[in-house]
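For reference, the chains in residue letters:
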Amino acid sequence: MRGHYRILLGMAPGVGKTYRMLQEGRQAKAEGRDVVIGYLEPHDRPETAVLADGLEIVPRLRTAQGSLELEEMDVEAVIRRAPQLALIDELAHTNARGMRNEKRYQDIVEVLDAGIDVISTVNVQHLESLNDAIFELTDVRVRETFPDSILDEADEVVLVDLSPEELQERLRAGKVYPQERAAVALENFFRQENLAALRELVLREVAEDVEARRQPEALEPLGKQAVAERILALIEPQAKSQRILRRAWRSAQRLGAEIDSMWVRPRGYEPTAEEAIQLAALRRLASVLGIHFLEEDGDDLVEAVRRVAGERGSTYVFVGTPDERRRVEILRGSLLSRMVRELPGLDIRVVADRALKEENVR
Amino acid sequence: MTGLAFWRRRPATPAPGARRLLVPFTGGELDPVVLEAALRIAKVWEATLVPAYLIVTPLDFDLNSPMQQQVAQAVPILEAVEHAGLRAGLAVDARIETGRSATHALQRLWEAERFDRIVVPAPTARGHGFTPKELQWILVHAPHETLILRPEPGHEADGRPTRSLEALVG
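First to last, the sequence lines map onto chains A and B.
In terms of this note's numbering, the first sequence opens at residue 1 and continues consecutively.
In terms of this note's numbering, the second sequence opens at residue 1 and continues consecutively.
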């Protein structure tokens with residue numbers, strides 16, 4: 001069985017994540033659990049060193065990188081040791097070249113898969129989706145990032161909070177960095193406005209995490225009912241589908257919705273060279289917009305939409321203006337009226353073809 | 001009456017031109033003068049206008065990562081350009097492309113698709129758009145005819161556009 005994963009999330013270095021991790025480790029040990037330190041970031045903080053005292057430390061791996069000698073967590077040794085709980089600091093850390101995993105969060109996944117519980121730490125600025133926002137707020141481009149899915153997959157995300165004033169006070173007291181480095185830090189990353197913005201980000205992140213965890217539980221009796229808006233954008237390998245994706249994306253921003261896009265390819269149909277280029281362009285656009293791209297085989301568009309919308313919990317369908325080639329379907333009662341009739345519970349939005357509008361104006 | 005309307009032939013969508021005119025831009029704006037010129041060229045040339053917003057993806061992101069903030073900047077501009085193109089009676093096939101730099105994004109685009117001519121805005125006084133170095137790179141590496149358009153003189157002098165994109169869009 002996979003181990004229990006608890007992440008201690010902070011707004012910046014020095015808020016006390018490592019301290020809290022060690023406190024929790026000591027508490028677990030006092031309760032009779034088998035606890036080891038898988039990796040402790042050597043911050044040279046006396047308070048932290050005192051707390052680590054008495055906890056077993058799994059020896060680190062040493063590796064040479066040019067003239068530097070680096071130390072990394074020995075994943076195999078931790079798994080071999082098989083404690084009940086491993087304390088592993090700084091999950092966003094990038095391992096030295098030659099280690100079995102590039103990132104420490106990947107090491108942690110292996111430890112969890114071995115059935116070992118893990119408590120780890122990380123700062124919000126390492127979260128991949130916030131990278132641009134952090135850069136705008138602080139002018140610092142964070143290179144070590146981790147995917148948001150790591151937080152999603154953790155069993156618990158716990159906020160380690162400190163007010164900006166308290167953190168600055170800790171810096172001035174030399175509790176985070178040595179005095180000479182602290183002075184520079186206070187003028188740069190640890191400025192009051194930076195810390196306030198980072199704190200807002202981390203509070204929002206944890207609030208969203210709590211909300212995301214609460215919703216499925218609260219709605220569990222409703223089974224597969226949609227818990228949020230989800231858009232399904234129907235596309236074809238044509239230039240106008242670019243606009244459908246952009247329209248769907250803009251609506252999703254307002255609704256806070258996920259988006260799927262789908263091309264229903266008639267069975268046995270091979271796209272022309274031009275269509276293949278359009279499809280590739282649509283895929284690229286979908287990826288930059290964060291849209292899931294689906295390709296389904298089928299001769300009945302409405303039936304395919306009904307099935308996929310059911311599977312993915314779609315609440316909205318975006319469709320382009322049916323074109324001349326759908327005349328057969330129009331004769332059968334029109335595509336749109338079939339959709340309205342056969343897709344109850346789904347909102348349908350027809351994305352106008354701007355080219356048609358301009359033609360009418362002229 | 002409804003039946004008649006039903007059968008009435010719908011006005012034709014502008015037919016895609018056989019030739020494709022690429023108008024790449026970056027940095028959150030496209031100079032209205034450049035757009036106007038690109039529209040005229042596409043019209044005379046009977047080409048499909050391909051406005052392409054180039055997004056620079058930071059190194060610590062995968063090239064296919066969603067870039068929500070930059071997309072939020074790109075989409076309204078692209079739609080305004082698309083609207084202007086359609087009003088001018090052109091077929092428009094807009095793109096958003098990502099790369100490690102503007103020129104890398106451009107290279108990815110022309111490796112994936114065919115273009116016949118490229119219209120590139122020259123840098124403005126405010127530093128938007130391509131840098132002189134990037135323009136030089138484009139001139140050397142573009143696999144098609146390249147036309148570099150200077151922004152409107154007034155734009156350069158006071159750092160503000162003299163005509164807005166909205167004015168062109170109408």
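Hint data in this document are derived by calculation from the structure and do not stem from the laboratory.
Computed from a predicted structure; not experimentally measured.
Any given hint could turn out to be false.
Here are some chain B residues pointing at chain A (derived, C-beta under 8 Å) [to be verified]:
#1 Val33
#2 Glu36
#3 Pro66
#4 Gln68
#5 Gln69
#6 Val71
#7 Val75
Cβ coordinates follow ideal geometry from the N, Cα and C atoms, glycine included.
Verification of the supplied hints:
no.: 1; hint: Val33; verdict: violated, 22 Å
no.: 2; hint: Glu36; verdict: violated, 17 Å
no.: 3; hint: Pro66; verdict: holds, 3 Å
no.: 4; hint: Gln68; verdict: holds, 7 Å
no.: 5; hint: Gln69; verdict: holds, 5 Å
no.: 6; hint: Val71; verdict: holds, 6 Å
no.: 7; hint: Val75; verdict: holds, 5 Å
Going through the hint list in order, the structure does not satisfy hints 1 and 2.
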